[in-house]
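Novice: Chains A and B supply the protein sequences, listed in that same order. Sequential numbering from 576 applies to the first sequence in my numbering. Sequential numbering from 129 applies to the second sequence in my numbering.
Any given hint might turn out to be false.
[Stated by the list, open to error] Not everything, but these chain A residues come out facing chain B in the computed CB check (under 10 Å):
1) Leu597
2) Phe615
3) Ser638
4) Arg816
5) Trp821
6) Gly824
Keep in mind the hints are simulated off the structure, nothing from the lab. Note that this is a predicted model, so its numbers are computed, not measured. Glycine residues also receive a C-beta, built at the ideal position from the N, C-alpha and C atoms.
Residue-level listing of the chains:
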Amino acid sequence: MNRPRLAIAGLTACSGCQLTLLNCEEELPVIAGSFDLAYFPMARSGGDSQGPFDVAIVEGAVSTPGDLALLFRLRNASRVLVAFGTCALFGGVAAMNNGTHQRENLLREVYGEAGRNFESFPPAPFKNFVAVDFAITGCPPEKPDLLALLGALLAGTLPPAPSYPVCTECRSRENLCLLLERGELCLGPIIQGGCNARCPATGVPCEGCRGPVREANVAQQLELLLERGFDRREIERRMSRFTPEWDYGKRR
Amino acid sequence: MGSVVEINPFTRVEGHGNLKVYLDGSRVERVELCLSESPRLFEALLVGRSFAEVPQIICRICSLCSTVLKVTALLALENAFGTAVSRVTQLTRELILNGGQIQSHSLHLFCLLLPDLLDLQGVTDLARQAPDLLKSGLAIKRVGNLIQETAGGRLIHPVNLVLGGLGQRIPRDSLLCLRDELDAIIPACAGAYLLFRSPFDFPPLPGPNYLALQEAGVPFSGHEFHTRDGHGFPVEAYRDFVVERVLPHSHAKSAQVFGQHPCVGALARINLGTPLGAGARELLAKVQGEIIGQDMRGNALAQAIELYQAAERARELVQELLEIGREGEGNTTVQPGSGVGSAACEAPRGVLIQSYAFDSAGICTAADVITPTSLNQGALSGDLLALAHGMEGADSERLVGALERLIRCYDPCISCAVHLVRL
Numbered sequence: 576m577n578r579p580r581l582a583i584a585g586l587t588a589c590s591g592c593q594l595t596l597l598n599c600e601e602e603l604p605v606i607a608g609s610f611d612l613a614y615f616p617m618a619r620s621g622g623d624s625q626g627p628f629d630v631a632i633v634e635g636a637v638s639t640p641g642d643l644a645l646l647f648r649l650r651n652a653s654r655v656l657v658a659f660g661t662c663a664l665f666g667g668v669a670a671m672n673n674g675t676h677q678r679e680n681l682l683r684e685v686y687g688e689a690g691r692n693f694e695s696f697p698p699a700p701f702k703n704f705v706a707v708d709f710a711i712t713g714c715p716p717e718k719p720d721l722l723a724l725l726g727a728l729l730a731g732t733l734p735p736a737p738s739y740p741v742c743t744e745c746r747s748r749e750n751l752c753l754l755l756e757r758g759e760l761c762l763g764p765i766i767q768g769g770c771n772a773r774c775p776a777t778g779v780p781c782e783g784c785r786g787p788v789r790e791a792n793v794a795q796q797l798e799l800l801l802e803r804g805f806d807r808r809e810i811e812r813r814m815s816r817f818t819p820e821w822d823y824g825k826r827r
Numbered sequence: 129m130g131s132v133v134e135i136n137p138f139t140r141v142e143g144h145g146n147l148k149v150y151l152d153g154s155r156v157e158r159v160e161l162c163l164s165e166s167p168r169l170f171e172a173l174l175v176g177r178s179f180a181e182v183p184q185i186i187c188r189i190c191s192l193c194s195t196v197l198k199v200t201a202l203l204a205l206e207n208a209f210g211t212a213v214s215r216v217t218q219l220t221r222e223l224i225l226n227g228g229q230i231q232s233h234s235l236h237l238f239c240l241l242l243p244d245l246l247d248l249q250g251v252t253d254l255a256r257q258a259p260d261l262l263k264s265g266l267a268i269k270r271v272g273n274l275i276q277e278t279a280g281g282r283l284i285h286p287v288n289l290v291l292g293g294l295g296q297r298i299p300r301d302s303l304l305c306l307r308d309e310l311d312a313i314i315p316a317c318a319g320a321y322l323l324f325r326s327p328f329d330f331p332p333l334p335g336p337n338y339l340a341l342q343e344a345g346v347p348f349s350g351h352e353f354h355t356r357d358g359h360g361f362p363v364e365a366y367r368d369f370v371v372e373r374v375l376p377h378s379h380a381k382s383a384q385v386f387g388q389h390p391c392v393g394a395l396a397r398i399n400l401g402t403p404l405g406a407g408a409r410e411l412l413a414k415v416q417g418e419i420i421g422q423d424m425r426g427n428a429l430a431q432a433i434e435l436y437q438a439a440e441r442a443r444e445l446v447q448e449l450l451e452i453g454r455e456g457e458g459n460t461t462v463q464p465g466s467g468v469g470s471a472a473c474e475a476p477r478g479v480l481i482q483s484y485a486f487d488s489a490g491i492c493t494a495a496d497v498i499t500p501t502s503l504n505q506g507a508l509s510g511d512l513l514a515l516a517h518g519m520e521g522a523d524s525e526r527l528v529g530a531l532e533r534l535i536r537c538y539d540p541c542i543s544c545a546v547h548l549v550r551l
């Protein structure tokens, strides 16, 4: 069988999604043998940036003309485009203030007047610009999700996309409910599961790093948090940390 | 006739950068180093957010150093609010920082830099042509990550490290497992330095101006900086001593200390006497001449010494955590209020400084982050220029190869570099 040709790259991001691949220490030699890592600047020199590729696995949000050009190039050169991680899917941390601040003011705050020279726009997810064939969520993504994708690609298919909230795994681990029993601002009910409720399991409320679960009842979550005495601004700040755009339904 | 030799993008480094060498005939006119990572503006994003959010957000600057980014933020906040933490918390933080050091150094040495020594392109070539070396490196890296995941609750962007303490103390059986895993890799860590002994055959580079923290109290952290020629300054006064400017062609700012471009990282630490255990001191004695007073080509060897140091120290810390009773544990409740707090830590790539100000409700009003790659940027530019000058007349393929190798010696982490102090 031909080895699938992969492009692995990052846009506006922390490289954590690509690092997740390099963190698969036990599987990495097999992965390197089963795939043609044709373009993967973080881990190889002399790659082919033009393609064609079977699959492009790309992390990060889109926030500069350069990001956009690379995204278009990889989209055009690849049969399958995978949005890898929360930034690629929802905008992620770099986008958290999109709804509340002007980009140019933020640039000026960090770089002074020199900030005017940067070509930069509010960080946005891939889906605003191109068709996305598959997505792995998480900040960082979970290794098993990545390995499931790679395994499926070798079999010529894509893995099923799970859709259940963090609470599902949290309850099955029999963790103390931080939201109901300790009154903490936990986002578990509306966030995509698959992380095995890592944070609540150590006593830390879900910060929402995996983005909204499908059909999340956002209005009800907001209602519940307001009832428990949280300030609306604080709730919205917390919810926007990884996903700037929420549909608050009737509570808007 | 003028011409330009370009390296774009950098490969086998974290983040995005490019380099242009401007030539007039065969004469090198100048080099332009551009850290082109898209700006994420963390310092501005934090303003208006609650103190409690700061450590969770700031670790997202960079995945390779997310642990030390988070610990430094916790220390800065605890300084701002006058919070003391338990012995178990201190030991657990030191353990996870050693885990981060093992993971970061082994990734750089065995996955990113080793291909240069063997004349290969990257991990795929290593898997095919040096599978045993790659596997032994990955085995070390795996244990570094296991420490981070066990102590941090997650491998990248750890969750278990919280203000004033820990989400949960590391369970005894997990510590026993870490002890066995560390025992299994310590021999390989002790021998790793042998691979990185022969520095690249470059023309001479300028003498580096080492800068590191003088360790005091909390390992990896400190209250004073010191330099090669005996200058020093306190961490809280960093703004007066670290002078930065925005470069027109780069998204990272360039820093100067005492009028010179500093050089930070493993090489600087070992040169400035950051404490090592007995085993690492013994290794250092064997290769002293290749590290002490050397230029950045000695950095990989210095990292290899630190890799062994980190594994040995992690083993001791696991033992200490196994022995310490309940009297050493517990979390401190943080009382937020108006205040300013700074902290500095030695990240794998060098000194990292963070500083925050809060209003009376604990809302962040100002944030500064100075990262090792930004501190190193001026020295890297200078070295690249010196190397390009020294190789005038060489064909462009050889020149590009040498420049890329030099860039990787610095182990740059470019996502970090674009988040810097406000002017």
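Novice: Broken hints, numbered, in rising order?
Specialist: 5 and 6
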